[in-house]
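J.: Chains as they are written, first to last, in the working numbering: chain A, 1 to 314; chain B, 1 to 267.
Just so you know, the hints here were simulated from the structure itself, not pulled from any lab data.
Beta carbons: idealized from backbone N, C-alpha and C, even for Gly.
Treat the hints with care, as some may be off.
[Stated by the list, open to error] Lysine to aspartate or glutamate pairs mimicking DMTMM-like chemistry, simulated, CA-CA at most 20 Å apart:
(1) LYS85/A to GLU162/A
(2) LYS89/B to GLU108/A
(3) LYS85/A to GLU3/B
(4) LYS85/A to GLU108/A
(5) LYS85/A to GLU118/A
(6) LYS180/A to ASP219/A
[Stated by the list, open to error] Between beta-carbon pairs, the in silico distance windows are:
(7) PHE189/B to LYS85/A: 41 to 51 Å
(8) PHE189/B to VAL188/A: 54 to 64 Å
(9) ARG68/A to PRO153/B: 15 to 25 Å
(10) ASP92/B to ASP30/A: 26 to 36 Å
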Amino acid sequence: MIEVEHLSKHFVVRRGRFRRERHVVEAVHDISFRVERGELLGYLGPNGAGKSTTIKMLTGILVPSSGRVSVAGLDPSRRRVELAKRIGAMFGQRVQLWWDLPLIDSFELLRHIYRVPEHRYRSSLERFREVLDLDPFLHTPVRQLSLGQRIRGELTASMLHEPELLFLDEPTIGLDVVAKQRVRDFLVEINRERGVTVLLTTHDLGDIERLCDRLLVIDHGSLIWDGRIEELKERYGAERTLIVDLEEPAPPLAIDGAVVERVDGPRQWLRFRGPAAELTARVAAAARLVDLQIGEPDIEEIVRRIYAGERVRD
Amino acid sequence: MVEPVVLWGRLVGAQIRSQLQYRVSFTLDLFGTFLISFIDFLAVLVIFHNVPRLGTWSVQEVAFLYALSSISFAFTDLVIGHLDQFPQKIRDGSFDIVLVRPRGPLYQVVASDFQLRRLGKAAQGGLVLVYALAALHVDWTVGRIAMLIVMIPAGVIIFSSVWVTGACLAFWTTDGGEFTNAFTYGGNFMAQYPIDVYGPWLRRFLCYIVPLGFVCYFPALYILDKRDPLGLPRVLQFSSPLVAALAAVVAGTIWRGAVRHYRSAGG
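Isolated chain B (complex conformation) (with noise of 0.2 Å):
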């Protein structure tokens, strides 16, 4: 159970090593990253500049939702934000190293790289989480506590799996890179606002097809103790861990098939 860790370790650290060869290339985009993740942050103040409230909410609880979002979006990004490059492996053929070497192929490919750079996101998330709760005097419980720190986890599984789900495309297609980054990336933006504003098909899709109202919009409602403008069930505030672990088990199934469909590049 250890040693897989261990070795993520090792493989990731020799990643990082490369990295930092380049070294002054990895110091831009370290703060490229963190810079321009604030002008994202900017649309929302755009927003609330032209609106008091977007639905029953308030600029702050959009700000909570946007900096937890952004949060789990950076962690994904960092641990697997690389996937992004997987249709590039698939088509030069050097997924098939991955494939004669001892272990799972998701866990080598998930290992091949890390985003390092992307902690300027997840930095940026953290400074807009403090000012949201700064500004928006959470009555705290033990509950909201283990809420907050649960959903960060489960956020993190949940982007995953789409992020999965969407890289097993690359078997069939070989490419469909633009495809998938709406909805990742796309995801990502869509998280970061209370789905409630969003049409009612939008909001089912985001509810129970890929379901990114679970990486923030259904925790928050508890949090915050709002009420569901949308009525739906008080159970769903509560099932981010569980959506998230059904949420990798058919990542993996899908993957799994995905990876027995795979055809190789030729020569």
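With the rest of the complex left out, here is chain A (with noise of 0.2 Å):
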């Protein structure tokens, strides 16, 4: 569905007050992918990695510097109108709904722009109507909705014209714990259901555990990451923590294999790389035991240390 070989974008911006001198800016620099049919995908990576910028020769909006896109078939910049009715787009922060307008003028408006065809178009909002719960807020200006009605109308918005492939930039930015939620339902339901393959940027890692199989990870322009999460999880969250409840309190346990990073009355941390029932039978042997339980390091931990430099293609 998209293919992405040595792909680079550089600006070139004019630095200094009186004597401007020319600086060349590498905002995406030599990365590759592809991306299957039907995936659902997180593309990761701090402010000013690069995430917008590959999106943004990926739908054919900016002219790759070098390098070659494939998306669908086609190459964006060059044939970007035919390109664009076979996609969807949601840039989070920027509004594609005219504000001053009923919502559903807006969806009036684009079925005509995109030329969905009367039948499709009454078959496909009727079933956004249903899973985003649009009903209540259908004929109201845009400008009066809450953010969260406004991205599901956006959401909506960006899917009418029944694209194979959705990119979605920052979706669920600023949204609370249930108008989130709602958006994470919708995109398995596009993806599953309708087999869209969706792309997906964010900084909600909670996005991108429930809702992604595979990541990528973005930093200083460089991809730095291309798996599953579970191989993230495994090389880079190799190290687990055991915590356990003594019979009463005591000094920290000295253990093979395991470093004591933490000590509160009764209970300890350890960490621990490797099978949990070995280090469990040592530690009921140097103490006496009333419970245990192990903790999995999160991919929020995992995107820290990777951001902090530890980079894990070798």
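Grab the two chains, each in its own frame, and use the hints to assemble them into the complex.
T.: Below is the structure:
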């Protein structure tokens, strides 16, 4: 569905007040990846890492400086209009709806812009009204909608022409928990039921964990991870935490293959690698155990480590 | 061929509905432009209060130029005047939205707004035209009537081309609105007067670079059956449609190049 080979984008900026010097900023540097039809893919990176620049090249908004891009078999910047019929895009912070008009009017206008046949439009809209619960505000001017309602409107707007591929740039930014969940449910629905390929940039690791099987991580313009989330956890978060409750408070346990991280009364936190069974046996031999639990590394921690400079790729 | 026009109608209709949401502000705007454009015409009268003729041009003849330039300009302003705000679209990145839709970007930008209140200016131009025609005793022939009908759309296309070219600057400077205004609003002002009153360099500029002389001056020479004070070839008097087509092609080419140069907003 998407093929990217050695893609780079640099911008020339002029700095300085009097003597304007040319600086070349490399927003995206030599990235390559493929996305298959039907994937739901997360694209993660800190601010300014090159996420949006990548998406803009994939949608044909920006012309790449070098490298090759193919989306749905088309070169995005040369066949932009043709591609636009087959993809949907939603940029969380940009409004694509008509601000002063009722939400339904925006949908009507988009139907004509995309030349969606009447009956397809009716059935799509019916579906989205149900899944995203649009009815309470369908006739409200967009400027009066809450953020959550507006985002639901934006999602519908970007799906009305039944695209094969959907780009979402920060779709859940600023939403409360309930609204986030609704957006996530919607994405799962269109991905599973309709087979829409979804590429999602986000800062919200919850989105990634609940939605995506595969993750791309970009930092300073370079792709530093491309793979399944479990793999990332295994490779990166190989260290887990064993939390033990002893019968009574004790000094930090000295156990082979584990480091005590923290002690709080009878409870101790041990960081370890490898299988938990052996370690548990060793702990049980060294002290009287009441209870234990194993903490898995969360993705937030992993990503923090990646950004901190621990490159995953060798 | 018809479908894009129908869609344009829908998009513009939506825009007008939006404007009518703020009804009082809209009405005030409409009358405001109508009244302000009369002050504009006062400037012409003030000049003729002090001099009987401007070169070989009488007050009625200048009123004729003024009216036709104003009408062409007002229609241009009506349809694409919002290109003034185009640099803002570039700066805040909302042009991105335009680029992910399956229509030409210029078409979408043009259809994205409609300055209905500019009708006030067109109405004023119409009134001045009625006055000028009543006072001038034009010797009407089929050719002259045809010229009068053709010169307004040609003028709209010439003004629009200037406007689009000016808007393209925003792709490089992300601003430059004032510089563009010099050619759009300033251009209207220039076209309202006979170009032979300007110095030779400015005159050449208005004939061959930014072809505003073709909006009114040359066609008016033909309609009013005046000898060209500049003694330029008579064929120029019939060239407005051709110049308009040429200007549109040039502006379209610059626009396409500019879109490819687009670099979007950060984030």
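J.: Against the structure shown, which of the earlier numbered hints fail to hold, in ascending order?
T.: Of the numbered hints given earlier, those the structure breaks are 2, 6, 9, listed in rising order.
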